[in-house]
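Please arrange chains C, X and A on chain S, whose structure you already have, making use of the hints.
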Amino acid sequence: MTDTKTWARVKSPWVLHFNSGACNGCDIEIVALLTPKYDVERFGIKLEPSPRHADVLLVTGAVTQQCAERLKRVYDQMPQPKFVVAIGACACSGGVFEGNYNVLGGVDKVLPVSAYIPGCPPRPEAIIDGVVKLLNAINPPKKKKELAEAPKEAPKPEVAPVEEVKQ
Amino acid sequence: MSNAADMINLLESKFGDRIQIKQGTLEAGAIIANNGLHYDVLKAMIEADEKTGITAITGLDLGDKLGVYYHVHTAKPFFTIKAEVPKADPKIKTVVDIHPGALFHELEVTDLLGVVFVGNELQGHFVLSENWPDGVYPLRKDVDATKVQLVPTPEREANKNAEGRQVKIIIGPQHPALLEPEKFSVTVDGEIVTKVEPRIGYVHRGIEKTAESRSYLKDTYLVERVCGICNPIHAYAFVSTVEKILKPAVPERAEYLRVIALELNRLHSHLLTLGHAGLEIGYETLFQYFWRDREPIMDLIELTSGNRVYGSLITVGGVRRDLNPEHIPKIKSVLEDFRKKMPFYRKLYQEEPTLRLRMKDVGVLTREDALKLSVVGPVARGSGVDMDIRKTQPYSAYDEIPFKQIVYTEGDTWARMNVRMDEVEESINIIEYAVDHLPSGPVRVEVPRSVPEGEAVSSVEAPRGELFYYVKSNGTDMPERVKIRTPTFANIPSFLKTAIGESIADVPSNFVSLDPCFSCTDR
Amino acid sequence: MAEQKKKGKSRISPIFKRAVSHLFTKPATTKYPFVKPQLPADSRGKLVYEIKDCNAIDFGCGPDFRLDIKALRGSNCQVCVRDCPAGAIQIVEVEGKKRPQIDLNKCVFCYQCVETCPRGAIKQSDFYELATTDKGALVMKPEYKNKKEAS
Amino acid sequence: MIDLWLIFRILVFPGFTFILFLTLFCDWVERKLEARIQNRVGPMVAGPGGILQPLADFIKLLTKEDIEPRDTKKLVFRYAPLAAFSIMMFAMCFLPIDGASVISTGGFSGDLIIILAFATIANFLLFMAGWASANPYGTIGSARVLTQFLGYDIPLYLLALTPAFIAGSIQIATIASSFPYILLAPWAFILFIITMQAELEKDPFDVPHSESEVVGGLETEYTGAKLAFLHLTRDVQVVFGSALVVELFLGGPNGPVFFGLDWLFYTLWFVLKLLIVVVISEYITTVVARLRIDQVLTGNWKILLPAALLSLIAAVALATWVYHPFGIGMAVGV
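Residue numbers (this note's numbering), protein chains in the order written: chain S, 1 to 167; chain C, 168 to 690; chain X, 691 to 841; chain A, 842 to 1175.
Please keep in mind that the hints were generated in silico from the structure rather than gathered at the bench. Any given hint might turn out to be false.
Covered stretches of chain S (chain X as the covering partner; in silico rule of three or more C-beta atoms under 8 Å from a C-beta of chain X) [unchecked claim]:
#	stretch
1	31 to 45
2	85 to 96
3	114 to 122
Note that beta-carbon positions come from the ideal geometry of N, C-alpha and C, so glycine has one too.
Chain S on its own, in the form it takes in the complex (with noise of 0.2 Å):
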């Protein structure tokens, strides 16, 4: 068994939703994951209000010029460790909206992003699925038999880099 620190991150996973500029179908996606037909709370997966009680930032959107500050001040408040995910085409690399004048263009031209979930928008399967990979990505499950096939090499998420707390 992995350490419980470890077993504790991995089993409660609280998230935070920030729309940085989305025509809105992921975030019902997103916000239908938690209805009965999918229901996260399986996972522990619960949608926080505050970024302060978050440690997934789900980040839908091609980040338009107004968001881009805010999404950045809400990724500070966060504690560490924290991940992000970037849902769907534009949070990906801003889809049918890159190009625009007002639009970044994907998420990780502001924070360093854990996993990518593409699609416009994602099933819900799909999310649940980034989420699982992402799981399995800071916890690479040893011996039993994988959830959903694990990544190659377990790759450590090169980005989010998951220092020691400082107490």
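Chains C, X and A alone, transformed into the frame defined by chain S:
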């Protein structure tokens, strides 16, 4: 003043040759009224017909002149007042004093095109972001918007509290109740709201400017992504405007398939809002039940179009995918199951004590205010204004399909939510009728890639209200100008008015009854 | 408004019975990662690019557009690049031939390329588990499976 | 000479550890019940059926980075959550769980008043925590906590005194062991449940931490261990409130005992009755919408307070003329 001829005669008698009226173009007629005459023409129209209101104001870059087109809807006919202003000093008289509903439209044209409305000047930016340089207007042809040099964000003035007991509460961009970033600074005196200032523009992706540099085929997909919840109606509005210029022979079966896609979308959008209202007033269980029963509808959308949310069925000249007959029994069974659940939900919304406590007499919008602010959709129909575009100006196959128009007169949050609840029932009837009477034949007709010179407008009934499109084409395969006026853009002023005088605790409940969609508002 | 126990209200709201009945009905949750959902046949998932079809010479016009392809006979016609709304398709050199490379980060899965490709080289699949922790894996580089195809 | 048995009672069995696990178990029961009512599945991954989910949440919060914003009131911000938690645990030690209360076996006359006072102090500390966290939502949320629990404390005390008066003593052990007062004063039981809903800030009265108005309420600024203790305090309050209902109205841990293992069966009866009350409270929370702040306050001052007074007067009248002459419900001398 029910038909166009009377209105035109009245205007000709009143203004004679000072204005030209081109009948038949842009729906009922285009009235060219320059150097300040647009104010008097509008005033005359408002006096003549109580239901007159401004649907949208389109700003155009006409080379050395800037065009300001006032799209005016009356009881039945639809007019456009064309005013032109020299680019050197773009000044024009505001119409906010005779029609308060025009406030937002004018501010947006100022921000994006640089026309100054005398009497309704804009400080700072309305839709654009704070670090956008002043004096540069993205919608002008000569500005290459992507290479604009941005200024550093101005120092955010500390939110100085208003004087006396008043406290300014910011319902900030990142807020659990709002699915989308939007900032409302609410000035509160004790518990009572005295002022609400919105700051939109967080989701402004400059779709109108980008639409000018992409082909009509690509634009259908771009325009759909204005709003993820009501995407087929955006595609249909754009496509029907282009088809008014191109005039292809769209097959009958395609029109019926379009109606099915639109009504499935209205169904899932209304269920989404009815559930979200529960979440806003702390009624988690209602939210969970509604969204659980919404999932089969999403599966239907995927069944008929291949993607849960972006069906991308509607394209210029018809529909991209036919409805294969084996799916029809599945559609009917899902709709039948949902119809069995309707009594439970209707009884809940009509009689649940705590829900009535939070929704009755909250955000009361009188019929006069609704007309003056020219609000649209369920917000208007909740206050007794019987304005459903599917009935007043039927499009696609709606004139052949029988359905009722839902109007409540109480005008509060409870009434608006119940309008949506009854419309869910109507949508089910429409889909079942359309599926039963589906004509046979092709679903698509070939359409040339470039569109001849011309301009057209069309307004359609989106789940949130009347959606208005204006397209001007210049013969190439890219549009010259695409103007999108979304329903929430017209409904937000009504929230600013009804929130005043009510307790801060009512703001979320009043706000969600608007069914706001900010990705629509900001485009 | 009366604050006493809800049970004492005259109009008992229907949700009380429904809530209790839910305690005994099976939850509506699908066990996703362990049980894969059953998707409709033609749901739009990951694109499948057949590089050998892209070479085929004999092609007909697309079902809906007059394609002035004559000038591009033989070489890669780049119709998919022109019609992709998200600009997700670029042209890359593969063994001397210019072939489309689809970047799934940008792709919005609208399947316009599947429709306009005169040779039907891009096909539909309903694979949707595309999430990944590194971005590079999402770019579908076209390559020939063996020498013979490259000729 | 250190009384090892007393230390064991305080630290392990009916004391600290037992209450901690009982709290986590009740939190799990709440989340599962709410999920089941909403036709969902609820936590499944941590431990069998997700029973370790509250524990996982607690440990994860402990290991998170502990951010202290610049302009917070340092002392209060750092120690208020811990103080509130410890007071609530101390208050729990007065309730007889296995037939006798943890600290003083028989309890002493007046301990009902003391633990109600502790509950008020804990609520007050939560207000201080929110007020100290220099965040606009924190201050608004904590101000609402203050107005709510100060208002609802008065009916709480009055309704708690109803069974005390019928029993003729204000010692919990005697009230619990003499008679299940739900039979003698059922209206007081219903009103007490409603007041408990307001004290614990559960729907329809959870205005202080409603997400749509005040983002996180008083917890907005807290992270890491401090947030863990804030959540734990709220859970212990739920267990404390339900335990109070069990002691006063359902006859505490008393129930038929078999094979002479009285401490075991007393505990089992106590936990069973506790779960019943937690289920009722959670059922109301899930099924009812949240009221506005002014409706909550008018509800208290205009309706609940008079009702509590009437219930006390009715109890007094019934006790003197009906119950005591026949000796029903009199306190049996402990």
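Going down the list of hints, with the structure as the test:
Note: the stretch 31 to 45 of chain S has 5 residues with beta-carbon separation from chain X under 8 Å; the three-residue rule is met and the coverage holds. By the rule of at least three residues with a Cβ nearer than 8 Å to a Cβ of chain X, the coverage given for the stretch 85 to 96 of chain S holds, with 6 such residues. Requiring three or more residues with a Cβ within less than 8 Å of a Cβ of chain X, the coverage given for the stretch 114 to 122 of chain S holds, as 8 such residues are present.
This entry satisfies every hint, going by the numbered hints stated previously.
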